[in-house]
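From first to last, the protein sequence lines stand for chains A and B.
Taking the working numbering, the leading residue of the first sequence gets 1, the next gets one more, and so forth.
Taking the working numbering, the leading residue of the second sequence gets 1001, the next gets one more, and so forth.
To be clear, the hints were calculated from the coordinates, so they are not data collected in a lab.
We put the CB at the ideal spot given by N, CA and C, even for glycine.
Treat the hints with care, as some may be off.
[What the hints assert, rightly or not] Some chain A residues judged to face chain B by a derived CB distance under 7 Å, without partners named:
(1) 12
(2) 18
(3) 20
(4) 36
(5) 90
(6) 92
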Amino acid sequence: MAQEMNDLDRALSDDDPLVPSSGFAARVMDAVQDAQGEPPPLAFPWRPFAIGLVACLVWAASLISITNRLDRGLLREVAAPFADAGPLPMYAAAVALATLIVVGVQRRMLKR
Amino acid sequence: METDAVSTMPNPPGDDDAADVARVLAGDSAAFGGIVQRWQGRLVNLAWRFCRDRMMAEDMAQDAFVKAFRALHTFRGESAFSTWLTAIAMNTYRSCLRDRPLHTVDVDAARTAAREPDAFDGMHDRERAELLRRAVLTLPVKYREPIVLYYFEEMDLAATARILDIPEGTLKARLHRGRELLRRRSSGRFGGLAVKSSEA
């Protein structure tokens, strides 16, 4: 087994060296020049991400708080015309409203 | 004359590298050419040992040089330039080989040899040694990298551990396990193997 290991060592150590092709260094320098011309990779926008995250949390907390404080009677009154249709129109309206708000906010942010 | 002898002596590689790094960081990107000239052999040969394909090895080495150029400002001189550069090359080769899995590399013969013990019979020593080197490529990455780098670094445990950024004890364990896997795959087939060194 020791002999086998020695043979293995020898076989792996005595690998024939490979000589890089003649134009290799020039190709590398061309690639380096190209890399130098490229703009630096964009860093992750941590600041806007953090602001957005905080805004989302505040928005969610506000929504929960407002929902809890709302006069249930008022909600029932607003929903009365849809009462016969079951809860589905309410969900649909809420989703549509939320979508409109999100799209509106995005458009305003993009304009900036 | 002694003075002439000193003045014509080349700088130690570390000094040349430090000087070229400083020049590149000062805006002279052409100075990177010196680094490429000095280290191209090492990086191409290391890549070659991971893929046994000349074109792929040169592509991988080129990627490594470009990454090193981009990361040159992170070289603080805390470790030798060769260690820093080789570590970058290892990371580059790892991701290159992940993108181009082994089936695109010519290791079919090695796989066959690993599965069929008789495949080693009737081969010349050089062929068997080459097959063994290719068999290394079929090892799990965890064992392949330490084995390739350990022999590339002329069995220098400390240097290999530094480049792979693992403790020497872990490296020893991986080397032991990797060599054992190789030995088992080629059990009895390498007895008396005599590989002639540096034959073209």
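A quick look at each hint next to the structure:
{"no.": "1", "hint": "12", "result": "holds, 4 Å"}
{"no.": "2", "hint": "18", "result": "holds, 5 Å"}
{"no.": "3", "hint": "20", "result": "holds, 4 Å"}
{"no.": "4", "hint": "36", "result": "holds, 6 Å"}
{"no.": "5", "hint": "90", "result": "violated, 50 Å"}
{"no.": "6", "hint": "92", "result": "violated, 46 Å"}
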